[in-house]
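Novice: This is what each chain is made of:
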Amino acid sequence: MAGRVLEAALQLLDRQLVDKHGRLAGKVDDLELTFPEGGGPPQVTAILAGPGALSRRLGGRFGARLEAVANRLREGDDDHPARVPFAVVAEIGSAIGLGVAKAELETDRLEAWTRDHLIGRLPGAGDAPD
Amino acid sequence: MRRTWVAVLLLVAACTGPVRSSGVYESKAGQTAAAAASAVETAMLAVDGARGGKAYGRYLTQVLVEAEEDAGSAQGTFDGIQPPDQRADQLRGRLDELLDQATGTLEDLRIAARRGRFAELPELARPLPKVAERLGDFAEAHG
Amino acid sequence: MKRLLSVALGILTAIGGFVDIGDIVANTETGARFGMSLAWVVVVGVVGICLFAEMAGRVATVSGRAVFDLVRERLGARLALVNLLASFFITFLTLAAEIGGVALAIELATSVNYLLFVPVVAVAVWLVIWRVKFDLMENVFGLLGLALVVTAVALWRLHPDWGGLLGGAVHPAVPQGEGHPSWWYFAIALLGAAMTPYEVFFFSSGAVEEGWSRADLITNRLNVYIGFPLGGLLSLALMAGATLFLEPRGIEPGHLSQAALPTMLALGKLGLAVLLLGFFAATFGAALETGLSCGYSIAQYFGFQWGKFVRPADAPRFHLVAMVAVAAGALLVLTTLDPITVTEYSIVLSAAALPLTYLPILVVANDPDYMGDKVNSRFTNALGTVYLLLLGVVAVATIPLMVLTKAGS
Amino acid sequence: MRLTDLLGAEVVDQAGRSAGKVHDVRLVQDGPLVGGFGAALRVDGLIVGRRAVGARLGYERRTMGGPLLVKLAAGWLRHDGRYVAWDRVRAIEPDRIHISGSADDLPRPAAPQ
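Protein chains in written order, with the working numbering: chain D, 443 to 572; chain S, -8 to 134; chain Y, 433 to 841; chain X, 116 to 228.
Note that these hints are calculated values from the structure, not bench results.
Fair warning: there could be bad hints in the mix.
Just a few of them, taken from the derived set where beta-carbon distance is under 10 Å, the chain Y residues facing chain X [stated by the list, open to error]:
| # | residue |
| --- | --- |
| 1 | L791 |
| 2 | L794 |
| 3 | V795 |
| 4 | A797 |
| 5 | D801 |
| 6 | V807 |
| 7 | N808 |
| 8 | R810 |
| 9 | G816 |
| 10 | T817 |
| 11 | V825 |
| 12 | V835 |
| 13 | L836 |
| 14 | T837 |
| 15 | A839 |
If you're wondering where the values come from, they're calculated on a predicted model, not measured in any experiment.
Beta carbons are placed, not taken as given, at the ideal position from N, Cα and C, and that holds for glycine.
Build the full structure now, drawing on both the sequences and the hints.
Specialist: Set out below in structure tokens:
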């Protein structure tokens, strides 16, 4: 079966992630490629998103510094950048549609932190705009 | 990288340092006269408005305050420049006389406006057209 | 009927929203120094903003992707980051200039030093961004901005020598005593004022905020093609007023108050009051647009949730950026840096940065992956190419001209 | 491995000659089934060329419209594109990918849809 053909940099990289409720959930900052156990060409196993992945794209001193900051922000012992398993991808178009809510993703941690510690504490943050 | 910065600094210093040639001094004098003339003409338009009851006091006051500031700061900048020779001294004397007339009248206008005496403005502004004309001529002659 | 009303409302807000502090300053200063000899630049700028705003609105409507999404997708993470830093800096400068402009407009009405109003203005701008619904915000300030029509009324009441004004406009020549570099420098300033990058950030993000669908594409076109040119006429009215009153007297305007002189002299107190209201609404509306655009550009680069169509708690990083930008803009004005000077630099740098935004829009508007059958027509592409070349020349020429003319002084 | 480890890497043939840098990676959706997405994306090959400017504008797709000038410029910047099928990849080092055979017989990439 000849499947759909995609150019990774042109049609996947830097695209917007959109969750199942239409909420914006980060960008495709990089892709995780894994060699299958039985051999053969690598497969795309996850979308990497957030500063930990972006920093390596940017390169140079700025990228290195960003990566250091991203590593420090990460709690515990997981040393990989935030990843979205490819299994939850539902659609690839001008945006990448995901089949889950963004709160379930690792990529939501900084957004949640900003909400819980800063913006969410201001009066009216939870109100719909009127 | 550091060498570039030194070059830039030297360039900046060259632009703002003491004026050596009298030609440059003369053109600075011309620019100052033009700036002062602009302030005086602005005040005259404001007074026109006051005469015709066309503007609110607060707006007029604001225009006059700014006109006085502009003329004053132009004079301040010019007076800070060292005149390079005797001819420049002469030029400076003539321009300063005009600038004093301009700022003096603009001061009177600002004081009257701040006190809300807008009816007096046209009378106080009488010297302005003549001053504006002389400043304009000076600017043209030394531009 | 309802559709007609919404179209009319869109056009009116496009007119009222066209002019901001940059247009007020650039057109008044140009008219005072060069008469109508640079009026053609306003026409070029209006055609350009129509072309690119329509494209950006169409792309956003059809694909749901706003301008900075496209910048990142088409330039890649690194080049887009450079673009983001430049665009954000210029939008931030413009935001500071608009906040200063609001404070100056209030100063003209109260004769109380504008610096006192800056913190109040900043808080008010933030509150509107935080609480007020997008379309309400856009409609209120767009309609209030229509007060600037008073500049055109003033011009008409003066019974000017229309032939003379038009003659100056259609036979552009550098006036005596002015150099070519200064003339071209002001041409760039006028172009930057008419085509500021934040306008397309805001316009395309607004299409997403308002949830436009393909059925709204006609509305998009009408808003842009009718609203912006009429807004451009208000710019020209400011320029003509300065040509009539300020140029013959050798006035070099450096204050917002001087931009109001022609209307005051033509129409008196009522006209002046309406004009000051127009200045206030135009600058406040633009402060909202630039404040939001600071948030839009960063959020769209990194993929954060953005927009006023969700609760602030659901777009926390977007609101954080907008809030910090407004506060920092207010602080910049509080350093007593002259807002008019900030404006002059922001519009010139805007002009230089235009290709950064416009190339990705033009490319994506041709990409059927995003646009389906709504790709650019040949005519749009031909015109777009001409503008891209023009903007490229402008971008290269700006900094040398800035140095050569000591920023137009 | 990340996509970034491939993008921008120099491609070298058995004789040690450079074939250019990796501009893009072609994926084909015919791997094993994964979750809701269906078949997994598998790396099919590398698009390699000497110049990288304009690679992201997307003008190598036949469906792309104008404007003519941008299209021509992008086409000129990419005119030397070559395709390395994945089975020719021998070893992946940081910033360097070794391929079998000679850089001279690499085909041009087929235009994607």
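Novice: Determine for every hint whether it applies to the structure shown.
Specialist: Quick rundown of the hints versus the structure:
no.: 1; hint: L791; verdict: holds (8 Å)
no.: 2; hint: L794; verdict: holds (7 Å)
no.: 3; hint: V795; verdict: holds (5 Å)
no.: 4; hint: A797; verdict: holds (9 Å)
no.: 5; hint: D801; verdict: holds (8 Å)
no.: 6; hint: V807; verdict: holds (5 Å)
no.: 7; hint: N808; verdict: holds (6 Å)
no.: 8; hint: R810; verdict: holds (7 Å)
no.: 9; hint: G816; verdict: holds (6 Å)
no.: 10; hint: T817; verdict: holds (4 Å)
no.: 11; hint: V825; verdict: violated (14 Å)
no.: 12; hint: V835; verdict: violated (28 Å)
no.: 13; hint: L836; verdict: violated (30 Å)
no.: 14; hint: T837; verdict: violated (31 Å)
no.: 15; hint: A839; verdict: violated (32 Å)
In the structure shown, a violation is registered for the earlier hints numbered 11, 12, 13, 14, 15, in ascending order.
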